[in-house]
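Asks: Top to bottom, those sequences are chains A and V.
Position one of the first sequence corresponds to residue 1 (our numbering), numbered consecutively onward.
Position one of the second sequence corresponds to residue 1 (our numbering), numbered consecutively onward.
I should point out that these hints are in silico values taken from the structure, not numbers from a laboratory.
Some clues are possibly wrong.
Here are some of the chain V residues that sit facing chain A, going by a computed Cβ distance under 10 angstroms [unchecked claim]:
id : residue
1  : Asp5
2  : Ser21
3  : Arg29
4  : Ser34
5  : Glu111
6  : Gly154
7  : Asp210
On a predicted model such as this, the values are computed, not experimentally measured, just so you know.
Ideal Cβ positions, reconstructed from N, Cα and C, are used throughout, including at glycine.
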Amino acid sequence: MDREVLERFRLGDEAAVKAVYDRFGGPIFALSMSILGEHGLAADATQQTFIKAWRAASTYDADRSFGPWIYAIARRTAIDLYRKRARVVVSDEVDVVYLPIGLETVWEVFEVRSALDRLPDEEREVVKMSHFDGLTHVEIAERLDIPVGTVKSRSHRAHQRLLAMLKHVEEV
Amino acid sequence: MTTEDSRAQYLATGSSDVGESNERLDLIRGVLGSEATWAEPPPQVGDGILASLAGEAISQPPADEARTGRWAVALAAVGGLVALAGLVLGTISVVKTDQDNIVAMSGTELETAASGEAEFGPTDAGWWVRLEVTGLPPAPEGSYYQGWVWSDDGEGVSIGTFHLRGDEMPIVLWSGVPLADYPSIWVTLESEADGPEASDQIVMKGRIPDVPEA
Numbered sequence: 001m002d003r004e005v006l007e008r009f010r011l012g013d014e015a016a017v018k019a020v021y022d023r024f025g026g027p028i029f030a031l032s033m034s035i036l037g038e039h040g041l042a043a044d045a046t047q048q049t050f051i052k053a054w055r056a057a058s059t060y061d062a063d064r065s066f067g068p069w070i071y072a073i074a075r076r077t078a079i080d081l082y083r084k085r086a087r088v089v090v091s092d093e094v095d096v097v098y099l100p101i102g103l104e105t106v107w108e109v110f111e112v113r114s115a116l117d118r119l120p121d122e123e124r125e126v127v128k129m130s131h132f133d134g135l136t137h138v139e140i141a142e143r144l145d146i147p148v149g150t151v152k153s154r155s156h157r158a159h160q161r162l163l164a165m166l167k168h169v170e171e172v
Numbered sequence: 001m002t003t004e005d006s007r008a009q010y011l012a013t014g015s016s017d018v019g020e021s022n023e024r025l026d027l028i029r030g031v032l033g034s035e036a037t038w039a040e041p042p043p044q045v046g047d048g049i050l051a052s053l054a055g056e057a058i059s060q061p062p063a064d065e066a067r068t069g070r071w072a073v074a075l076a077a078v079g080g081l082v083a084l085a086g087l088v089l090g091t092i093s094v095v096k097t098d099q100d101n102i103v104a105m106s107g108t109e110l111e112t113a114a115s116g117e118a119e120f121g122p123t124d125a126g127w128w129v130r131l132e133v134t135g136l137p138p139a140p141e142g143s144y145y146q147g148w149v150w151s152d153d154g155e156g157v158s159i160g161t162f163h164l165r166g167d168e169m170p171i172v173l174w175s176g177v178p179l180a181d182y183p184s185i186w187v188t189l190e191s192e193a194d195g196p197e198a199s200d201q202i203v204m205k206g207r208i209p210d211v212p213e214a
């Protein structure tokens with residue numbers, strides 16, 4: 001992310017807030033969905049994350065990467081919201097229990113979504129149809145009304161780009 | 001086929017000519033297939049963030065010269081706050097309101113001296129709510145006020161936060177839910193250490209009798 005934008009975000013500039021939302025709104029919403037599993041709650045968590053980030057912006061060090069900083073806020077916000085909503089009274093004597101929460105791939109969801117949002121639209125579309133919709137290249141070609149060869153080349157380029165952007169995730 | 005090509009093929013298909021498995025790429029493939037990864041935030045989330053931050057900006061004490069100057073220039077005119085959010089995201093436009101869109105706000109037993117009004121109006125992506133209150137003290141350090149709209153079923157939705165530590169009246173908040181379904185307007189005192197749910201420290205209440213359709 002552009003250092004100047006981050007600096008302006010830190011100073012509370014509204015255009016910079018919008019730019020940061022455009023870049024990180026999707027990954028934060030995806031992260032929130034992976035923890036909360038419900039669109040309304042994830043929307044709440046996303047909004048809370050940006051408000052908290054703005055409030056804490058003076059603590060952000062512009063020399064450091066912005067992604068991990070806002071990721072930490074988003075993760076904590078979603079977990080907090082989850083715990084509030086997941087409380088279950090099991091008896092008069094035992095107060096509450098927390099439903100199990102899967103955090104194993106939260107970071108990966110954030111990073112993968114960040115990478116997907118940086119793909120060209122036509123490549124992102126092919127990746128989604130392939131992985132999320134489970135379509136074959138032939139089926140994608142039919143749906144998009146383009147040659148199968150075009151689908152294959154877009155898919156290959158997209159996965160090469162994803163690998164490059166997710167190198168740090170792959171090598172953990 | 002290069003190593004990069006082989007790994008790209010593995011990421012795409014789960015197998016490659018090399019024939020070796022790769023746990024990390026399998027994990028990434030799993031993430032690529034999950035619903036959460038592809039979920040899109042509702043359009044009003046971006047609007048809500050900008051409207052909330054606009055409300056925060058006029059209610060926050062000056063933290064430093066730079067912040068004060070920028071927000072003062074950009075957000076000084078309260079009437080322009082929501083319009084500014086609309087300008088930035090291109091979706092919000094304020095609709096002119098009349099006296100029917102103003103309700104009285106009164107302090108609860110926690111703040112008996114508090115009183116004021118809440119004016120509201122529709123936008124393209126929800127409702128703006130403008131509070132003018134008197135008699136409500138600045139939120140103590142480590143706490144803040146939060147506006148809520150509340151349904152008759154007991155569900156509350158946050159519409160923004162403010163501190164009252166400066167000259168920031170009125171306060172502009174934003175609701176993404178229809179006020180017809182959430183006709184009660186509350187203000188609570190919240191601790192920064194607590195989670196996002198409403199506290200039981202309700203300091204002001206008001207109720208909209210009849211809300212016109214947006």
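Asks: Which hint numbers doesn't this structure obey?
Replies: 2, 5, 6, 7
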